[in-house]
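A.B. asks: Each chain, written out:
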Amino acid sequence: MASKSKPAAKARFERHGLTDEQLVEILRIMLMHRTLEGRGFQLNRQGKIPFASAGEGHEGVQAGAAMAFQRGRDILVPYYRDLGLDLGVGLTPYEVLLSLFARKADHSGGRQFPHHYASKRLGIHTISSVLATQIPHAVGAAYALKVRGERGRAVLVTFGEGSTSEGEWHEGMNFAAVHKLPVVFLCENNEWAISTPADKQMANPNVADRAVGYGMPGVIVNGFDPVAVYAVVNEAMERARSGGGPTLVEAKCYRFLAHTTDDDDRTYRSREEVERRRRDDPVPNFERLLVERGVLTPEGAESLKKAVLAEANAATDRAEAMPYPAPADLYTHVYAGDHAPWR
Amino acid sequence: MAKTDTKANALDRRGLTDEQLRAIFRNMLLQRQLDNRGFQLNRQGKVPFALGSEGHEALQAGAAMAFERGKDILAPYYRDLGLALGIGLTPYEIMLSIFARAADHNGGRQFPNHYSSKHAGLMSFSSILAAHIPHAVGAAYAMKYRGENGRAVLVTCGDGTTSEGEWHESMNFASIHKLPLVMLVENNEWAISTPLDKQMGQPEIWKRAAGYGMPGKRFNGYDPVETYAVVKEALDRARSGGGPSLVEGTCYRFLAHSTDDNDMTYRTKELVAEARKNDPVPAFEHRLIEAGVMTAADVDALRKDVLRETNEATDKAEAMPYPQASDLYTHLYEGAWQPWQ
Amino acid sequence: MAVSTGSKILNNVEAVRETLYEAMKNDERTVILGEDVGARGNVFLITKDFINEFGEQRVIDTPIAEASIVGIAIGMAMEGLRPIAEIQFADFIYPAFNQIVGEAAKTRYRSNGEYTCPLVIRTPYGGGVRGALSHSVSIEALFYHVPGLKIVAPAFPADIKGLLNAAIDDPDPVLFLEHKKTYRLIKGEVPEGHYTIPIGKADVKKTGNQLTVVSYGLYVHWALDAAQQLEAEGLSVEVIDLRSIRPMDRTTILQSVEKTRKLLIIHEDNKFGGIGAEISAMVAEEALFSLDAPIRRLCAPDVPAMGYAEPLEHEYMSSPAKMAQAMREMVTF
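Protein chains in written order, with this note's numbering: chain A, 1 to 343; chain B, 1 to 341; chain C, 1 to 333.
Excised from the complex, chain A in its bound form (with noise of 0.2 Å):
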């Protein structure tokens, strides 16, 4: 069985290390996420964007082991709810929305959905929307890490429950096992895949439990706490670049919004239910528990929120402002350098 991590403890707060600095870095991430989504749904709803999607509920999760990678030196292999994770490693507000109005500056020059990041600078990989396809990508590329014998690094990468029912996810952490490369796998676990619940989606709810079957460590932890999400997924990214293999970690988390602006979650799950597991919303619980342990003044958490929503406006405006591709940017970077396409 996996281990599992204690719940956050009212009574006392394990900060795993952590200064106040980057506990507060930690809630900045969380609400600077939660507005980015918000802002999201709202320009769909607005018309101004086709969709957006969400990841509410993955806060803690997110911003708990973004703080666990290191900037220059590891690789992040997302999916697409991870808009969390790659803020909390460097991608800016601007970015996230250049990406959500498909503009020409967008990473993908405005080819892919939102929320599809990739940046060689801050080593995030560009993904797909096919769901597992970047998991043995992730250790294709903790194996060129390996084989280039470059101790110190690792590639953590990320997924829902959802893709662990794909072969590519069991293919992945096979070579992974076989190899001891230096990767994390991060099950974010929010029960729900669009509208398939976790018990139609695996007989046993508890992906960590599969680890030992492929020879590695298997962890559970409480993905509203990002505190405790960073000190397993430390541990776990420092076994890999010392070179002690993979881990799999699954962060037990929760969906609160619909999967996208296209789905309407009222045809397959309840009210009562979300509104249930709102009370455990990581973003207003972790805001709190820093005020209580004396981290954050009240006027602290204030003044940050303001600046977290003013950046947004900012981002917003700029990348509105900016031009969409050109329809002859459909034809490049099909093949490198010139490409004269059959006509």
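Please note that a few of the clues may not be correct.
[What the hints assert, rightly or not] Coverage of chain A stretches by chain B, computed from C-beta distances (three or more under 8 Å per stretch; other residues unrestricted): (1) 169-175; (2) 195-204; (3) 213-221.
If you're looking for bench data, these hints aren't it; they were derived computationally from the structure. A virtual CB, placed ideally from N, CA and C, is assigned to each residue, including glycine.
Got chain A sorted already, so can you dock chains B and C onto it with the hints?
C.D. replies: Showing chains B and C alone in chain A's frame:
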């Protein structure tokens, strides 16, 4: 590893009658004889290809004894000669497949050892590893959907196939729906040239079962009686609505992968000779004689009978005609169709 | 093409082997991964002993899992290695379809050029070897529809070396098809030293002025045999070896057709939606009024694969005699 001393278990027959024990042994002898026949015919230039399952005899003969003919379904892979024989295929049918004759179940279309027989409950499969496992799961779903209690699907594969994505997807789906399915892994330690430690991070495949929320068990695949007991328990659970199981029998591939493979390029003679010391065929013969189920004279007579049957099947199949050129165009769709020309 | 210092006679297996060997020797970023490529040295012994020289970190015996063989190679390529992935038989490539079509071919495009996927996927294909339903298929038509992917199918040892080098050097994913019946059947002179042949360039293997034949793979050799027969009969046939399927060399095809005014396309893959369909459409669009006869395609019958039994394989495969007959009919049309 659960390699028990076979002699110590000589008397533990797990409910099998003398007749059943002899049938298991006959199947094992027949497997070895037919396997060798395929390799001989290849060396004589009479067939272009043959596959062997030497080392798997006990596992397959034991598992086949747990299969209920007329009820269960078998979804095998291409190294399952003994299972095919054990559920009712005849040596003549085997030879038709080896010779690729028109009367073969596949009409000479498929490689040898790719049997299919609706009559025997043996599902058609290709050479593509793991492709058949979702099919087995679908068949089990059909049984469950129609409420056919008392039936189950026995699906087999080698250790190598467990690395395929389709293996994982199938195990997951079978466990979600508690399907009447037994996944029998014949772990012979070699995927053509790739040893276990390059195939998986830890060598015990049954340990993956817990991750899927299903029972898992490992057993000595050199012991046909233990194999029978483990597979029967899993099949009985499946037949009675208890859901799927993952059972892993340990064995060894004594021969090269096929007549096209030379295993001396990647493993040593000594390694194979060491593994051969546990050869399940003479070991089971010894146990049956020790237990008084057969005399040495019975065994000799049985051997002769198996050889005679193999020879007759060979001659009869060889005399049969090939398919005709026009047979290339049949059975693409139901009814008549006009190929694009 | 670089200057070569000499040449030697190799068969197609040896040409693949030598090229891979030099790539491994000359570039530490190169890794080979696939089923049985290490200790066994590939089922056709193409990479025999590579593992001893280059180590098991660079010659990787993978688990049997084709989707991840390609997927892992993509990740390696994105992070600066130069992987050469092998699918043991083309018939086994279908689980990797998604990684090839959905991922590798789109990596550059979807990241607007920020990430690239310099990757070679080698696989033996084709029939005539008693390979039955699952060891003899042609797969090119399933992939040639896909922009972002390059597909190469050379038939001669020197072309194999030049195009495999080009594929390895190429900054984009290349599907490299090797006809397995030609592996030991076809021998030829191969220049020493490193050289490349541009991907996307066809080669006129025999000149003629009464009919253009376009083919690739094993059938180029059979088409050449047939064209020689016709030569003896006083009929002049030009034979173009496509070599690259995508990008395709329209210039060479059109120039030849404008000269001979007749076109016969021959391939082992079945006709419906095959490579010949695209060539026919292109020539009809570009050079219809240069044609003195309807375009003709000689292809495999419209069945899923060749059967194992000898008569089934024989019926499926074409032959130099059948090709010669089709050529005669076209020339005298």
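A.B. asks: Do three or more residues from the segment 213-221 of chain A put their C-beta atoms closer than 8 Å to C-beta atoms of chain B?
C.D. replies: Holds: 4 residues of the segment 213-221 of chain A have a Cβ under 8 Å from chain B.
A.B. asks: Check, residue by residue, whether the segment 169-175 of chain A contains three or more positions whose beta-carbon lies closer than 8 Å to a beta-carbon of chain B, and give the verdict.
C.D. replies: Our answer is that it holds, as 4 residues pass the Cβ test (under 8 Å) against chain B, meeting three.
A.B. asks: Count the residues of the segment 195-204 of chain A with a beta-carbon closer than 8 Å to any beta-carbon of chain B: does the count reach three?
C.D. replies: Satisfied; 6 residues make the cut.
Consistency with the previously given hints is maintained throughout, with no hint failing.
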